[in-house]
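Asks: Here is how the chains run, residue by residue.
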Amino acid sequence: MIQTAQQRPAAASDPFVAAFARVEQARADQPSWLFPLRKAGLARFAELGFPTLQHEDWRFTNVAPIAQLPFRPLLASSVTQLPSNFIATLPLASLAGPRAVFVDGHFAPALSNLRNLPKGVKVASLAAALVDHAALVQKHLGQHVRDDANAFAALNAAYFQDGAFIFVPAGVVVPEPIQLIHVASSREAGATANLRHLIIAEAASQSTIIESYVAAVDAPYFTNVVTELVAADSARVEHFKFQDESTAAFHIAALHATFGRASNVWHHSFALGARIARNNIRTRLEGEGLECILNGLYLPKGNQIVDHHMLVEHAQPRCASHEYFNGILDDHAKGVFHGRILVQRGAQKTDAKQTNKNLLLSDTATVDTKPQLEIYADDVKCTHGATIGQMNDESVFYLRSRGIGTELARRMLMHGFAGEIIDRVQHMALREVMDKIIWERLEMNPQIAERK
Amino acid sequence: MSLLEIKNLHAGVDGKQIIKGLTLTINPGEVHAVMGPNGSGKSTLAAVLAGREGYHVTQGEVLYKGVDLLDFAPEERAREGLFLAFQYPVEIPGVNTTYFLKAALNEVRKHRGLPEVDAIEFLDIIKDKIQLLELREDLLKRSVNEGFSGGEKKRAEILQMAVLEPTLAVLDETDSGLDIDALRIVANGVNHLKRADNAQLVITHYQRLLNHIVPDYVHVLFDGRIVKSGGKELAFELEAKGYDWLIKGHKDQLQPA
Numbered sequence: 174m175i176q177t178a179q180q181r182p183a184a185a186s187d188p189f190v191a192a193f194a195r196v197e198q199a200r201a202d203q204p205s206w207l208f209p210l211r212k213a214g215l216a217r218f219a220e221l222g223f224p225t226l227q228h229e230d231w232r233f234t235n236v237a238p239i240a241q242l243p244f245r246p247l248l249a250s251s252v253t254q255l256p257s258n259f260i261a262t263l264p265l266a267s268l269a270g271p272r273a274v275f276v277d278g279h280f281a282p283a284l285s286n287l288r289n290l291p292k293g294v295k296v297a298s299l300a301a302a303l304v305d306h307a308a309l310v311q312k313h314l315g316q317h318v319r320d321d322a323n324a325f326a327a328l329n330a331a332y333f334q335d336g337a338f339i340f341v342p343a344g345v346v347v348p349e350p351i352q353l354i355h356v357a358s359s360r361e362a363g364a365t366a367n368l369r370h371l372i373i374a375e376a377a378s379q380s381t382i383i384e385s386y387v388a389a390v391d392a393p394y395f396t397n398v399v400t401e402l403v404a405a406d407s408a409r410v411e412h413f414k415f416q417d418e419s420t421a422a423f424h425i426a427a428l429h430a431t432f433g434r435a436s437n438v439w440h441h442s443f444a445l446g447a448r449i450a451r452n453n454i455r456t457r458l459e460g461e462g463l464e465c466i467l468n469g470l471y472l473p474k475g476n477q478i479v480d481h482h483m484l485v486e487h488a489q490p491r492c493a494s495h496e497y498f499n500g501i502l503d504d505h506a507k508g509v510f511h512g513r514i515l516v517q518r519g520a521q522k523t524d525a526k527q528t529n530k531n532l533l534l535s536d537t538a539t540v541d542t543k544p545q546l547e548i549y550a551d552d553v554k555c556t557h558g559a560t561i562g563q564m565n566d567e568s569v570f571y572l573r574s575r576g577i578g579t580e581l582a583r584r585m586l587m588h589g590f591a592g593e594i595i596d597r598v599q600h601m602a603l604r605e606v607m608d609k610i611i612w613e614r615l616e617m618n619p620q621i622a623e624r625k
Numbered sequence: 019m020s021l022l023e024i025k026n027l028h029a030g031v032d033g034k035q036i037i038k039g040l041t042l043t044i045n046p047g048e049v050h051a052v053m054g055p056n057g058s059g060k061s062t063l064a065a066v067l068a069g070r071e072g073y074h075v076t077q078g079e080v081l082y083k084g085v086d087l088l089d090f091a092p093e094e095r096a097r098e099g100l101f102l103a104f105q106y107p108v109e110i111p112g113v114n115t116t117y118f119l120k121a122a123l124n125e126v127r128k129h130r131g132l133p134e135v136d137a138i139e140f141l142d143i144i145k146d147k148i149q150l151l152e153l154r155e156d157l158l159k160r161s162v163n164e165g166f167s168g169g170e171k172k173r174a175e176i177l178q179m180a181v182l183e184p185t186l187a188v189l190d191e192t193d194s195g196l197d198i199d200a201l202r203i204v205a206n207g208v209n210h211l212k213r214a215d216n217a218q219l220v221i222t223h224y225q226r227l228l229n230h231i232v233p234d235y236v237h238v239l240f241d242g243r244i245v246k247s248g249g250k251e252l253a254f255e256l257e258a259k260g261y262d263w264l265i266k267g268h269k270d271q272l273q274p275a
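Line by line, the protein sequences give chains A and B.
The opening residue of the first sequence carries number 174 in my numbering; numbering runs sequentially from there.
The opening residue of the second sequence carries number 19 in my numbering; numbering runs sequentially from there.
Among the hints, erroneous ones may be present.
Residues of chain B clear of chain A, computed beta-carbon distances all greater than 10 Å [stated by the list, open to error]:
| no. | residue |
| --- | --- |
| 1 | E93 |
| 2 | V108 |
| 3 | G169 |
Below, a list of computed lysine to aspartate or glutamate pairs in the EDC-like style, where the Cα atoms sit at most 20 Å apart [to be verified]:
| no. | chain 1 | residue 1 | chain 2 | residue 2 |
| --- | --- | --- | --- | --- |
| 4 | A | K526 | A | E461 |
| 5 | B | K38 | B | E98 |
| 6 | B | K128 | A | E580 |
| 7 | B | K147 | B | E183 |
| 8 | B | K159 | A | D596 |
| 9 | B | K250 | B | D262 |
| 10 | A | K526 | B | D86 |
| 11 | B | K171 | B | E152 |
| 12 | B | K171 | A | E567 |
| 13 | B | K159 | A | D406 |
| 14 | B | K159 | A | E605 |
| 15 | A | K609 | B | D199 |
Label pairs and their calculated CB-CB ranges [to be verified]:
| no. | chain 1 | residue 1 | chain 2 | residue 2 | range |
| --- | --- | --- | --- | --- | --- |
| 16 | B | F90 | A | T537 | 54 to 62 Å |
| 17 | B | K145 | A | T537 | 31 to 39 Å |
| 18 | A | K554 | B | V75 | 30 to 38 Å |
| 19 | A | E547 | B | E134 | 49 to 57 Å |
| 20 | A | A559 | B | V135 | 35 to 43 Å |
| 21 | B | S167 | A | V304 | 53 to 61 Å |
| 22 | B | R226 | A | K526 | 56 to 64 Å |
| 23 | A | E361 | B | F90 | 41 to 49 Å |
Just so you know, these hints were derived from the structure itself, not from any lab.
Ideal Cβ placement from N, Cα and C applies to all residues, glycine included.
Make a model of the complete structure from these sequences and hints.
Replies: Here you go:
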């Protein structure tokens, strides 16, 4: 699993090292404890290099197109070229609640609305929080990242320019979703936004957090994001990620999450955009009796590749984790699902379930799915299952036998396939918006009715 | 005119001949029961009538309202008033029951030249029918058949029948897996839907359903043919004596598949 530097020509790392001098200048105002973190990231990246297909964790997703891009970290905040009503036109903008908007990795206060937060709740740019909430940030930043030889996370540690800081104090209930909206606006090939979010939900707090990634341009830019999420004891957190990047762009994300005793966490990953999209999801179930649901939907078409790579680590007894990932793939698209459940010694009474279902709308779409159970406790319940196939004939016949024509039947089943996942979204207003977005996106699929 | 005329039907699946010369006529206002032991061709008959893929008719014809039923796709048959209550209703995760049933009803209405119903009108229509089948209203918000108990699934089939108001309803082993209460509810629903201008074809292995849905005619199916027809008393006779006395003579001359 360890990738050595020799596997990649040393020269390729030069632009990454060279550009780092600019980080040191640009971030001279940031606290001194941060630099060792950044430098360690840079060193780790230089050591690892971009993964290749020989790397076990990247066997099915070739990131060479990213490695070949010119490296252009968006270190300075650019003058935003967004149309004035751009944010208002986003479907998720119809949701009430606070929102922090980032353009090309930089906080855009003029587009954000962080007024009227519930008492004690903090939503700010990470750059500001480094100063205003220094102790909290220092305590958590980088502490929840598992080093699983992820070069992209290392690159992010070295280069991250900004992101969000969210803090929900103990016992506080935030009824409206807190939105983090990232807009890509750079047309430059290889323009890279290294975005870093830190989300801390204290004990018995309740919150819904939405991360969305959208584009104002159609270009081969690169979004490289790392989110650290802490849900403390008895916290209830719904974390929703909506990825709708340009289909010319690249999106690599890592979620590193730590869950406390008796917490309830939902993580949703809805992946629609990007030429190559990869989500590394690393969750550590650190307290007893907690429950987490990882729920994902991906709809690639054209030549898109969408990859979800998960590790669910059961470290304590009586925890439940359920993973549900459905993909609907068309054209030459490719889906990758890797779900590893690790049950440590002592994590008795673990209830872990994993399903990955894929609906292929074309003969040329492909899926690689790899469930993996690794169990060191003896009293556990773990199941996994994966399906890859076309529309279920029995279901089509059932609908037709009720007077519904083949085309509508196929549409209904396709929407139902997505609906299974959408229905797990807890926040009702969010669910309704997503239902509409996904419905419209699927209706754009030309292939539904043609096949028999 | 008869509603359904099956004449010398020969049909099978996967190259296997299962129905071997079946003749049956059903008129409006009648309830027919087709009984028979396992493997006699009961479910194949239901599948051929509904138009399930993979079933092949090799001989004979099926006239529905005077036209050749076999020319029509399953959805066209349904719109023309043919309904099959499935022995094993299919679970369809993610497809909301209300949405599904409303879409089905509107397809049927469009075909009949009636205006489509909107969500509010649909709720009006379905409310009484939910009560008739003693189902909970929250079922309408759930995915089609998903997570329903065996009894709920069968009752939901009859709920669909109540909404679509078919001219000919074929009930395929609707009693299988039902306890006595569910059986009573299902039968009550079916009886409630009986009218002078429609008909029901009840396919069953056991006589017990026919205590609740009283047939005008009972037919015994064996080895792909009707070997005896009679009134409702034939069902009681079968219950008392089993199938053997009827099929004995036929068993000796079983045709190779």
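Asks: Hint by hint, which ones does this structure get wrong, listed from lowest number up?
Replies: 1, 2, 5, 10, 13, 15, 16, 17, 18, 22, 23
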